[in-house]
Each structure stands twice: as C-alpha cells, then as structure tokens.
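Sequences listed follow chains A and B, in order. Per the numbering used here, the very first residue in the first sequence carries number 2; after that it's consecutive. Per the numbering used here, the very first residue in the second sequence carries number 483; after that it's consecutive.
A couple of the hints might just be wrong.
Unchecked claim - Below, computed lysine to aspartate or glutamate pairings styled on DMTMM-like, alpha-carbon distance capped at 25 Å:
id : chain 1 : residue 1 : chain 2 : residue 2
1  : B       : K579      : B       : D561
2  : B       : K560      : A       : E364
3  : B       : K560      : B       : E533
4  : A       : K409      : B       : E535
5  : A       : K409      : B       : E528
6  : B       : K492      : B       : E521
7  : A       : K409      : B       : D526
8  : B       : K579      : B       : E533
9  : B       : K560      : A       : D286
10 : A       : K336      : B       : E515
11 : B       : K560      : A       : E372
12 : B       : K560      : A       : D293
13 : B       : K500      : A       : D380
14 : B       : K560      : A       : D365
15 : A       : K409      : A       : D421
16 : A       : K409      : B       : E533
17 : B       : K560      : A       : D294
18 : B       : K500      : B       : E515
19 : B       : K500      : A       : E364
20 : A       : K336      : B       : D568
21 : B       : K560      : A       : D421
22 : B       : K500      : A       : E414
23 : B       : K579      : B       : D526
24 : B       : K560      : A       : D306
25 : B       : K560      : A       : E414
26 : B       : K500      : A       : E372
27 : A       : K409      : B       : E524
28 : A       : K304      : A       : D421
29 : B       : K500      : A       : D365
30 : B       : K579      : B       : E515
31 : B       : K500      : A       : D421
32 : A       : K304      : B       : D561
33 : A       : K409      : B       : D561
34 : B       : K560      : A       : E333
35 : B       : K554      : B       : E533
It should be emphasised that the hints constitute simulated quantities derived from the structure, not laboratory data. The model shown is predicted, which means the values in this text are computed figures rather than measured ones.
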Amino acid sequence: MGSRKGKAGAKDDNKVMTGMPSFVPAIPTSNSLGTEGNTIRSSRISDFGTFEQSLGFRVEDAVDLNPVYSQMKSSSQALGTDVQFATLNKSLASSDMNLSAAIAGSHMLQLRKEPQANLVSTSGGHRENWGESTMAEASPRTDTSTDDTDDKNQRHERGLSIVVAASDSSDKSKEKSGDQKTLRRLAQNREAARKSRLRKKAYVQQLESSRLKLTQLEQELQRARQQGIFISSSGDQSHSMSGNGALAFDVEYARWQEEHNKQINELRTAVNSHAGDTELRTIVDNVVAHFDDIFRLKGTAAKADVFHILSGMWKTPAERCFLWIGGFRSSELLKLLVNQLEPLTEQQLVGIYNLQQSSQQAEDALSQGMEALQQSLADTLANGSPSPSGTSGNVANYMGQMAMAMGKLGTLEGFLRQADNLRQQTLQQMHRILTTRQSARALLAINDYFSRLRALSSLWLARPRE
Amino acid sequence: MERVNHLASKKAAVIFTKSSCYMCHSIKQLFYELGASPEIHELDQEANGREMESALRGLRNPSVPAVFIGGKYVGSAKDIISLHVDGSLKQMLIDAKAIWF
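Here chain B stands alone, though its shape is the one from the complex (with noise of 0.2 Å):
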C-alpha cells in the first residue's frame, strides 16, 4: 500500500490500471477528454503489481481502475462516473491541478 500511496503523490492525477481492464480504458479516455494527463500505472506491467493490486482490492472491488486526485484516493467507475455527472471531478481536478479550466 505504501508503494501506492508514494506513487500516488507523485502526480496530481494517478490511474492504476490493468492492461486486460476495459473499464480502465474508459476511465482513461475521460480523464484525456477532460484535458488531464493522469499518470497510468498498468499493474500487470509493474513491479510488485500483484501486491499493490491486492492493496487496491482492499479499498474497492474490483481493484482497478483506482483513481488518485492529489494523492488521495477518489474511488473506482463508478465514483468517477457519479462524481463527474454532478460536477465533483472537475472541480477535484482543478483543485489539485491536474487541469486549469
């Protein structure tokens, strides 16, 4: 969990994904078409990814996609789907600079 969190803080918006997700891809495509360029960590591609995904699994079922806004964890689709509809993940994004406008 701490080789999560570290990676998490390293960048205002952090997606862990997995290459076989593609709900994950979903995800993705939202967070391009919002104008943020999320750091993606595709866990069946990263060192220790078995252990961070178990980590992940812990927070949320099923364990990717895992957002990270300003380090923090925000949730799965499903909360990024919710928290974009009513105009949350914007403003999350603005806030932690990820994106200006």
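Only chain A is shown next, with the shape it has when bound in the complex (with noise of 0.2 Å):
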C-alpha cells in the first residue's frame, strides 16, 4: 500500500490510511477529494473489509454525514429507500460528497458492482446534483485509473471478484478479458445507467411526495371554503370576508386581487378615454373603498393568525422585501408618487410633503415600539433565573415566563392594527389632497408599481438555475 502513492502528495495519502481500519474522520473538502480520489479508491479496494466497513469508511468521508449514516446502517439490509431517501434530502444540501457518499450508502448493490466509477464521480469536480455527473468528467478519472499500474488494477479487479457475489449482471466477464478501452467504456455506462436509476426513483419519490400534498391542500381548501360559506351566509355582505385562518386569507386576498384589478383597468380606461369628472371620481371612489376591504380581511385574518399576515407570506417575494409590520410602507408609496403627480400646486405640495413627514414620523413610532416589545420580549425568555426553592419553582418559574411572553406576544396584533390604520389613513388623506384625476393616476401608478414587484417574483421563482 506504501508503494502508490501516486497522484496525490504522499501527506493525503498519509491523511487517508492512518483512518483506514475504523471510521475516518471527516475529510474537510470535497476539493481535496478530488485530488487524492485515486489514492482513495485503490486503498479502499486494497483494503476491502466488510461490506460495511467499506461503506461506512466512504460514508464517514461525508462531513456531517453522520446522523444520516447511523440511519442508513440501521436499515442497511431493507434498503428501505423511502427512509433514507428523506433523510438524504436534509443532508442533499450540504456538499457534493454528501451526496455521492450518501448515495453510496443507501445504494450499496450498484455501488458494489463499480467502486472504480462511483469514486470517479465522487471525485468530480463541481456537481451540484448528484444525478448530473457527466461522462466527461468521468473519463478523465477512468483514464488515469486504467493508466494505473499493474498493480492497481489487479487490486480493482480484486475488489471487483468480491463484489461479482453481489451483482447481478453478467459483465464481470468482459472486465475481465481487462481491454482498456472496453473497460473504460463499460464503467461510463454502467455509470450512466446508474445515475438514470437513480434520478428515476428519486422523480418517483417527488411524484409520490407531491400527491401527497395535493391530497393535503385539497383536504384542507375544502375545510377552508367551509368556514367561509358557513360565515357569509350568516353576514350581509355579497360575498363571503371571512377571514378564519391564513389559508382562507389567502384564498380571500387572491380574491381581493382579482377585484382590484378589475377596478384598476375600468379607471385606466376611464382615464385614457379622458372620460368625465363624475364618472371618474365614482370608480376612484370605488378603488379606495375597496382597499377599505383589504384592511378589513387584514385584520380578521389577524386575530385568527397574527403571525400569517406579520410573515408576509401572502405576499409574493419581492414584496416581502419591503415589508413593514405585515404591509407596505405609506411613506414609501408617497415618495414613489411625488415625481408622477406633477403638475401640483403649492398647496397639494406642501399637503403631500407634510403627509409624507407624517406617515414616516409614525411609521418611526410604531417600529420603535415593536423594537421595544421584541427586547422585552427577548429579555422575558432570557431571564432564566433559577429559583432557589428547587424543581417545582423552576417550573413555576418558566410558566411565568411562558405567562409573561403569551402575554407581550398578544400585543403583536395592536401593532398590526395601527400599521393598516396608518396605511389606510394615508391613503385617505392623499385621495383629500389630490383632485379626482391626479388621485386616478396616482392609484393606476401604485398599481403599476406593486404590479411590478409581483412580475419581479415571478421571474425570480422561474429563473434558471445551474
């Protein structure tokens, strides 16, 4: 074994064999793997224990592999892939030798049949998939292993024979007429016919999990648009504003939107159309009571749910970016306006720049009180003071601070509150400043501008990624 220390600098190899008979500890990069991968595969294959020493040696090269390993060797007759293969979901985000190593694990027979192909797609270089390893990148491996000594391959062939128990296929006999270009060619396709495999069960593992889900959510839409029809046929209202629970919001603020955007065409065709005062001014006066409905929803879903709407999870992404205690910012907005309104007179100029100072002044306020409750908040939970009296006043004591924190966690929805009320009233006050038409173009731009920001989420959800 001292004699091939060929490709890597001898103190990798010296870093891999002093690990060899127990588990290894981790080895830091998958960079560094990739340097040292044939001094790896040959020692293994010299090496060649158990099935599981084997497997748990190449599982521990996994950094933080472990919990996913333990998992693994207690099922490691079953083969129960669904188990492993949700565990090796959590760790799939890790690193790419996670993946090859955890993949190694929970398809122990396949891997069996080619240690030599499966190291050379642990070695790859940039992978992030684990199904995506490219012929390209394994050939180069495959080579400079056929291009091993004698000795090398003997030990491949070795730990082939042993395997040869475990395979089902008949190919052992060609590897072993051991044509270079033959061999190399087998192992890029039974490479490939691997990582098809496994993309397939994993595409299998989505569908199963994805139906599931759906069942879920249909399971649930229905409990939803039950409450809503068993409250709005109890109010007096056209269509249903029950707000119970953060799905039923959701569905009702899809809703809300789709009203909104109806009005907001009829005023930007009104407005093209140069359409009169009177007519404007009743859609314009529609648009704003509308977002009186919005504020409503908000604030029964509230009660219900206060953490939904403080989340911003019925928003899209980039919307969240902007979000302000479960909303957006007046101050914001009116900014954004101020350049698309001209012409406006002294007056309305100095009527918007003051509703500005003022919606920013109490923008300023309400956050400095939700700061003031979150330190509050923190310091509550924090104080874990143990009380001399012994376990029974440890326990009194953390359900004083439970107490304590249910308490201060209450006022949450009064921030909420106030945040709509200052967001409604802006909007009420900039519709008094504004004369009927600069408040119809000043509701098509906010429409524009929140349209925007939900086509920017869009693109970002679909964007390609490598």
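Take each chain as given, in its own frame, and dock them per the hints.
The structure is reproduced here in structure tokens:
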C-alpha cells in the first residue's frame, strides 16, 4: 500500500491511511477529495474488509453525514429507500461529497459493482445534482485509473471479484478480459445507467410526496371553503368576508386582488378615454373603498393568525422584501408618487410633503414600539433565573415566563392594526389632497408599481438555476 | 375619573400609559418626535392606578395609551395616528401650546 502514493501528495495519502481500519475522521473538503480520489479508491479497494466497513468508510468521508449514516446503517439490510431518501434529502443540501457518499450508502449493490466508477463521480469537481455527473468528468478519472499500474488494476479486479457475488450482471466476464477501452466504456455505461436509475427513483419519490401534499391541500381547501361559506351566510355582504386562518385569508386576498385588478382596468380605461370628472370620481371612490375591504380582511385574519399576516407569506417574495409590519410603507409609496403627480399646486405640494413626513414619523414611532416589544420579549425568555426552591420552583418560573411572553405576543396584533390604520389613513388623506384626476393617476401608479414587484417575483421564482 | 382629569389639566399634553404597554411606547415616541414633552403617568406605578385605568377604559378600550391635549381627551393610539396623518394632531398641540411649530 505504501508504494502507491502516486496521484496525490504523500501527505494526503497518509491522511487516508491512518484512518483506514476504523471510521475515518471527516475529510474536510470535496476539493481535496478530488485530488486524492484515486489514492483513496485504490486504498479502499485494497483494504476491502467487510461490506459494511467499506461502506462505513466511504460514508464517513462526508462531513456531517453521521445522522444519516446511523439511519442507513440501521436499515442497511432492508434498503428502505423511502426512509433513506427522506433523510438523504436533508443532507443533500450540504456538499457534493455528502451526496455521493449518501447515495453510496443507499445503493450499496450498485456501488459494489463499480466502486471505481462511483469514486469517479465522487472525485468529480463541481456538481450540484447528484444525478448529473457528466461522462466528461468521469472519463478523465477513468483514464487515469486505467492508466494505473498493473498493481492497481489487480486490486481493482480483486475488489470487483469480491463484489461480483452481489452483482447481477454478466459484465464481470467482459471486465476480466481487461481491454482498457472496453473497460472504460463499460464503466461509463454502468455509471450512466446507475445515475439514470437514481434519477428515476428520485423523480418517483417526488411525485409521490407531491401527490400526498396535493391531497392534503385539497382537504384544507375544502375545510376553509366550508368555513367561508358558513360565515358568509350569516353576514349581509355579497361575498364571503371571513378570514379564519391563513389559508382562508390567502384565498380571500386572491379574490380581492382579482377584483382590484378589474377596478384598476376600469379606471385606466376611463383615464385614457378622458372620461368626465363625475364618472372618474365614482370609479376612484370605488377603488379607495375597496382598499378598506382588504384592511378589514387583514384585521379579521390577524385575530386568527397574526403571524401569517406579519410574515407576509400571503405576498410575493419581492413584495416581502419591502414588508413593514405586515404591509407596505406608506411613506415609500408617497415618495414614488410625488414625481408622477406633477403638476401639483403649491398647496398640494405642501400637503403631500406634510403627509409624507407624518406617515414617516408614525412609521418610526410604531417601529420603535415593536422593537421595544421584541427586546422585552427576548428579555423575558432569556431570564431563566433558577429558583432556589428547587425543581418545582423552576417549573413555576418557566410557566410564569411563558405566560408573560404570551401576553407580550398578544400585543403584536395591536401593532398590525395600527400599521394598517396608518396605511388606510394615508391613502385617504392623499385622496383628499389630490384632485380626482390626480387621484386616478396616483392609484394607477401605485398599481403599476406593485404589479411590477409581483412580476419580478414571478421572474425570480422561474429563473433558470444551474 | 376626577383624578384623571385633574392630572390631565396640569400640562398641555398628558399621556396615561402602562409600563407593559408597547403601543404606549410608540405614542410617546411620536410626541417626542414632534417636539412635545408630554407628561407621562404610568398607571401601574401610580397610586390609584387601578381606578384611573378603569375610568379610562370607560372612554376607550384599550385603556392606554390615553392622550389628553389641553385638558381634553383626544383618544387612544388609533385616534392619535389618524389625527397625525391628517395634520390635526400638530395643530392641536400648537393650539394647546405644547409645541410652537
């Protein structure tokens, strides 16, 4: 073994060697593994102990795969890939090495057949999806490996022969013929087939979990609809205004958005066709009144689930970027309007400027209140002062802490309410300062801005990822 | 309630708060931002705080923050924010000589 220091530096080789008999401490980076790939492969093959030990060694290469490994070890006989995939998916995000090592663990049979080819993929460079290791990546490694000394080839074959018992293909006879090109080609083919199988497996997994999720969502939607229908029957409004729960609110918000878009289109047509002031005023008033609806909806929904509203999950990602206490910042909105509303009279300019300043001040005040609340909440939870009276005292202390924290969380709804109040008041005041036509243009401008934000979100979500 | 009114009439701007109320903190900040120096009475630290709180709850729920300008009850957080947005709050403060501009 000592003579095969070939590819990587002797230092690297030693790092691998020392760990050989038992579990190896994690090899730090996948890059370094790349360079020492061949040496590792060879040393592994030559040190073939048991099936599991070899697996264990390879798995331990992964940096933080220990929890996955223990799970795989326990189900190693069963090869229950469902479970493994679930846990694998968690660690898939970490590193390339995790990936290949994890796959190594869950598809032992296939691995055993071609440890060389598998290592080839392990030692590949940049790879984000485990199924996409290219043949181009594979071949250089295969080349170097087949260019190895006879020593290595023998060990390789020896390794393969041990594995042959687990293999179910007749490839072994071909490989034993030892033609280098054929070997390489076959290895590549096996590699591609293996990856294809893995891809298919993962795809099926995805489909099944998506199907489950779909049925769950359908059930939730049913439930929410039932809730909505129940409440609207007792109200006197034309459409259901219930806001129970996050899902129900999302549905309501989508409906509100649709109606809003309709009104905006109506407004746009009226403005472009130079409609009369009275007609314009009616449409503008409708739009402003419709805004009141969403604030009312948010209020109801906040009573049921304040965190859903505060999180902004009902908005698109780009909109969420600018989230302030569960909605938009009035002061920002005014800033973007000022330029688009020219010409403004002196009085209007002053009015808009004052409005901008007032909303800014109110926003700051509310933000400071929120911060004080957060700080106080953190203090409450952090003060785990142990009671001298022993464990019972601690439990009582804990529960007292929690009760206090609960009280503080409850005030969040108040902040959301005042933030929405501020938004509503700002819109109405703006409406008062501007003429009908200016209000119409302002509403169109606001809508354009948010539409663009939403379009940005869509683009972002659909962006091509390497 | 007399105690409330008595305290409220002593200064141009008076706010009744509770130390546990974070909305009160916001309203206080708003007044400071406007240059007013309101007299703050923390009901959980005043004698007769409980009675004053129930008196105020009769005016508005939640009872705090309760804002008095020029001895007159103006409202709670929601009212203050609404009045601030349309510019009335500032005018009230100027009229009561709590601020000068």
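Please name the hints from earlier in the document that this structure breaks, with their numbers sorted from lowest to highest. 8 and 23
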